[in-house]
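All chains, full assembly: derive it from the sequences and hints.
From first to last, the protein sequence lines are chains U and Z.
Under this note's numbering, the first residue of the first sequence carries the number 1, and numbering increases by one thereafter.
Under this note's numbering, the first residue of the second sequence carries the number 300, and numbering increases by one thereafter.
These are computed hints drawn from the structure, not numbers from a lab.
20 angstroms max Cα-Cα, derived PhoX-like pairs, lysine-lysine: (1) Z:K438 x U:K47; (2) Z:K331 x U:K290; (3) Z:K512 x Z:K480.
Since this is a predicted model, take the numbers as computed values, not measurements.
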Amino acid sequence: MGDPLLFFVMISSVKRAHAAAKAIKPSTSKIRRNWIILKALVHTDFKLRYQGSFLGVIWSVLEPLMMFAVMYVVFAKFLRMSDGTRTYPVVLLLGISSWQFVTDSTNVGLRSIVDRGDMLRKVHFPNYIVVVAATMGALITYGINLGVVLIFAFAYRVDFTWRVVLVPLNIIELYCVTLGLTLIMATMYAYYRDIAHIWDVLQQVIMYGMPIVYPLSYVLRRRGIVGKLGKLELLNPFAQFIQDIRHNLIAPATQQTIWNLFPNSLWYVKAVPILLMLILFFLGIFVFSKNSKRFAEVM
Amino acid sequence: MMEEKAEGAKESFPFMDAPTVLTCKDVYKDFKLPTEQATGLKQAVINWTKGVRGYKTQHVLKGITFSVHKGEFFGIVGRNGGGKSTLLKIISQIYYPNKGSVSVKGRLVPFIELGVGFNPELTGRENVYLNGAMLGFSKAEMNAMYDSIVSFAELEDFMDQKLKNYSSGMQVRLAFSVAVKAQADVLVLDEVLAVGDESFQRKCDDYFTQIKKDPEKTVILVTHDMNAVKRYCSRAMLIKEGKIASIGDKNAVAEEYTLLNLEADRQMAAARNAKRENGKVWPEGLSERCPVLRTFAVSKPLIGSDEKFVFGVEYEFNEDSDFYLAIAINDVRRGGITYDSGAKTFRMTRHGRNTVYFSFPVNLFNNGEFTIYTSLRIPSVKDDGFTEMVGVATGDNACSFIVRDPRNADYALLSDRATVITAKSDDVETLQWNGWRPGMPQVTAEARRREERTRDPLERRRAELLERIEEIETIRQRIVNETKLEKLRRQKAEGVERVVPIAPGVLRRLAGVDLSGKVAQITLDDVKLTEEEMSEMTGSTEEVRLIDELNRVNDEIVAKAEAEKEKK
Chain U
1 MGDPLLFFVM ISSVKRAHAA AKAIKPSTSK IRRNWIILKA LVHTDFKLRY
51 QGSFLGVIWS VLEPLMMFAV MYVVFAKFLR MSDGTRTYPV VLLLGISSWQ
101 FVTDSTNVGL RSIVDRGDML RKVHFPNYIV VVAATMGALI TYGINLGVVL
151 IFAFAYRVDF TWRVVLVPLN IIELYCVTLG LTLIMATMYA YYRDIAHIWD
201 VLQQVIMYGM PIVYPLSYVL RRRGIVGKLG KLELLNPFAQ FIQDIRHNLI
251 APATQQTIWN LFPNSLWYVK AVPILLMLIL FFLGIFVFSK NSKRFAEVM
Chain Z
300 MMEEKAEGAK ESFPFMDAPT VLTCKDVYKD FKLPTEQATG LKQAVINWTK
350 GVRGYKTQHV LKGITFSVHK GEFFGIVGRN GGGKSTLLKI ISQIYYPNKG
400 SVSVKGRLVP FIELGVGFNP ELTGRENVYL NGAMLGFSKA EMNAMYDSIV
450 SFAELEDFMD QKLKNYSSGM QVRLAFSVAV KAQADVLVLD EVLAVGDESF
500 QRKCDDYFTQ IKKDPEKTVI LVTHDMNAVK RYCSRAMLIK EGKIASIGDK
550 NAVAEEYTLL NLEADRQMAA ARNAKRENGK VWPEGLSERC PVLRTFAVSK
600 PLIGSDEKFV FGVEYEFNED SDFYLAIAIN DVRRGGITYD SGAKTFRMTR
650 HGRNTVYFSF PVNLFNNGEF TIYTSLRIPS VKDDGFTEMV GVATGDNACS
700 FIVRDPRNAD YALLSDRATV ITAKSDDVET LQWNGWRPGM PQVTAEARRR
750 EERTRDPLER RRAELLERIE EIETIRQRIV NETKLEKLRR QKAEGVERVV
800 PIAPGVLRRL AGVDLSGKVA QITLDDVKLT EEEMSEMTGS TEEVRLIDEL
850 NRVNDEIVAK AEAEKEKK
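Below, the structure is given as structure tokens:
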């Protein structure tokens with residue numbers, strides 16, 4: 001499985017390839033061909049998403065705006081969740097949109113192989129492109145949401161620090177763990193459809209086990225075992241990376257991440273989320289590529 | 300074996316010297332067909348605990364080996380379920396073989412279905428770009444090809460409409476147009492000629508005839524249309540039950556495919572019409588009174604116009620009355636009875652179970668497919684002039700043969716050797732009838748030479764005798780094989796077995812019967828007939844007479860030659 005494309009994905013910002021060959025024979029380079037297919041699939045998915053709607057593509061901006069309005073009213077004004085900082089609403093919205101990227105990615109991605117079954121059975125192309133296209137689509141939506149968050153950030157007069165530079169790295173980390181999980185689940189979905197229902201429940205469990213809608217300080221303040229174990233929430237790679245994004249983008253002083261919550265002596269604990277990310281990522285690639293030859297027959 | 304045959308005839312096929320673009324070596328493919336599909340974890344666990352395997356293995360491809368050279372137009376034919384589509388998908392790397400390997404040089408574009416990835420919600424333009432992207436063309440490359448695609452499809456005005464608004468013909472045209480412009484090195488098409496209206500068929504036709512001449516492009520076409528195979532293909536292959544049944548000359552492959560279909564039709568009809576009587580199931584046409592009536596071929600089922608079709612009829616009739624065999628020859632394609640022997644022409648002299656042989660010259664006919672139906676008849680109790688039918692050999696018990704000869708036409712039944720229409724006006728200039736001109740002898744050069752040699756009455760008689768004896772010899776050989784087979788069957792029933800492998804198909808064809816796998820392991824050569832059994836078959840009275848006459852004629856010829864030598 002030494003296909004360079006996946007590594008390409010990891011360094012996604014550096015991609016834009018050299019000029020196309022002048023001849024009208026299709027590019028024989030495998031990487032280029034896969035890239036073309038990927039672009040076409042993502043482009044088509046995006047176009048189809050807002051098919052038949054009156055407002056069309058504007059929804060991709062309008063939808064997060066409206067969602068945020070609801071979240072803001074419910075959580076910030078109504079329930080008055082706060083960790084004490086002024087910028088908490090922005091942090092909240094950033095967390096929600098990051099998790100939405102994960103759910104979007106996994107929900108569409110795990111079904112993507114089966115949904116595009118007819119294509120897989122008629123044309124030969126590497127199957128992982130379909131899953132990557134689904135996650136890319138979610139990534140684009142995430143990007144748009146981030147733009148909206150930035151607008152809110154300016155409105156709340158957030159002080160941006162140098163740490164903003166680290167945010168792309170965190171997003172890449174989040175993407176990798178999501179892609180790994182999606183690949184595993186997409187493989188399982190092709191054989192047992194149950195995985196979709198299992199994941200539906202699981203993602204709720206994970207979400208409430210993460211400090212997204214509530215600040216971590218709420219948990220840490222509790223007495224007894226809950227307070228002590230609250231820190232363990234950050235062992236979850238999703239939680240940790242989202243916290244990292246919030247920390248680096250908005251509030252480095254107050255957002256807890258695994259880096260500042262645990263003492264340096266417990267360095268092995270700090271390595272756990274990254275380790276889990278690497279495991280999920282490579283396991284995903286491995287499981288998927290082993291089964292990829294049989295997808296056309298199983299469906 | 301098949302490869303050797305093709306290799307031997309290498310020079311007769313075009314492009315065989317070109318480099319190979321596709322090689323399949325020993326490809327095997329099995330599918331696990333689920334008997335109880337487990338679509339959920341619960342069902343899977345239940346099945347596992349019950350010990351239900353949940354699937355049975357179906358062997359779809361059993362060792363396919365062949366190669367395709369650059370520039371060839373290669374046809375793959377076969378009945379449904381034989382493994383063609385699976386082979387195509389393996390070639391296109393959609394499925395992977397369980398054993399064996401496939402190697403492709405150059406870009407292979409498969410068209411298992413036209414318009415893969417066509418999304419009805421997108422416009423024609425967007426779909427073209429999407430399809431092009433699926434094939435690996437970037438947007439810039441598509442821009443350059445776009446105009447030629449649209450003009451080939453003749454859909455200039457419709458490209459900005461959604462695909463769901465297109466008629467099916469338009470969709471197919473657009474998909475084919477993209478496929479054509481895809482500029483693959485190897486184009487693989489799966490039965491795409493079957494869809495589309497007439498103008499589309501003509502477009503396909505133009506494209507294929509054009510691409511056939513291009514030595515850079517290779518096309519592999521899977522089709523059921525034998526006319527297409529004969530028109531376009533440079534070489535063809537017949538796949539039967541997962542194995543290559545025949546590869547090489549397209550005409551030979553097309554004929555064999557036709558034969559296969561005829562056989563299959565007959566078997567289906569036979570199975571459908573089987574009757575039940577007295578607790579036994581009689582095939583259609585047979586009954587207690589006539590339990591066995593079967594026509595089988597002795598000659599090859601594919602014969603030329605100079606040959607005679609020799610066939611045998613096996614019957615069993617145990618009643619005391621006179622009985623006759625009436626034989627009708629039915630033209631499968633044109634319909635109707637071509638020739639009928641008559642109800643009371645052949646009277647059988649032996650009752651009980653017996654096999655008799657007949658021969659039928661086919662020189663009068665053009666190319667055609669024929670089936671022989673034999674009926675066993677007894678004089679009618681009411682009126683001695685008429686006969687009643689007791690049994691008829693139809694369905695599986697009938698026998699088919701095909702006439703193919705380069706001198707023949709295909710449309711009408713009678714060839715020009717039977718009769719021609721001659722013009723009686725000066726205003727009509729008769730050019731030629733299917734290659735024969737008035738004044739030309741209506742026989743091949745070979746036959747003409749033979750004719751010249753036998754102008755001498757003695758020589759002619761000798762040739763006739765030899766021919767007749769050869770016929771008898773063929774029939775006798777057939778009888779010997781039948782007897783040996785009968786003996787084999789008896790031996791098997793008694794439990795005697797020897798293992799020397801030969802192809803079961805060969806044996807089956809010789810006998811016209813179905814043997815179980817085990818008996819097929821013994822060769823006919825191993826079966827030795829005793830003196831007694833042999834003596835029953837040799838020396839039929841007619842043959843003895845013919846051989847005597849042949850000896851006399853030979854002596855006369857020798858005497859004559861010596862007399863002439865002395866005269867000189």
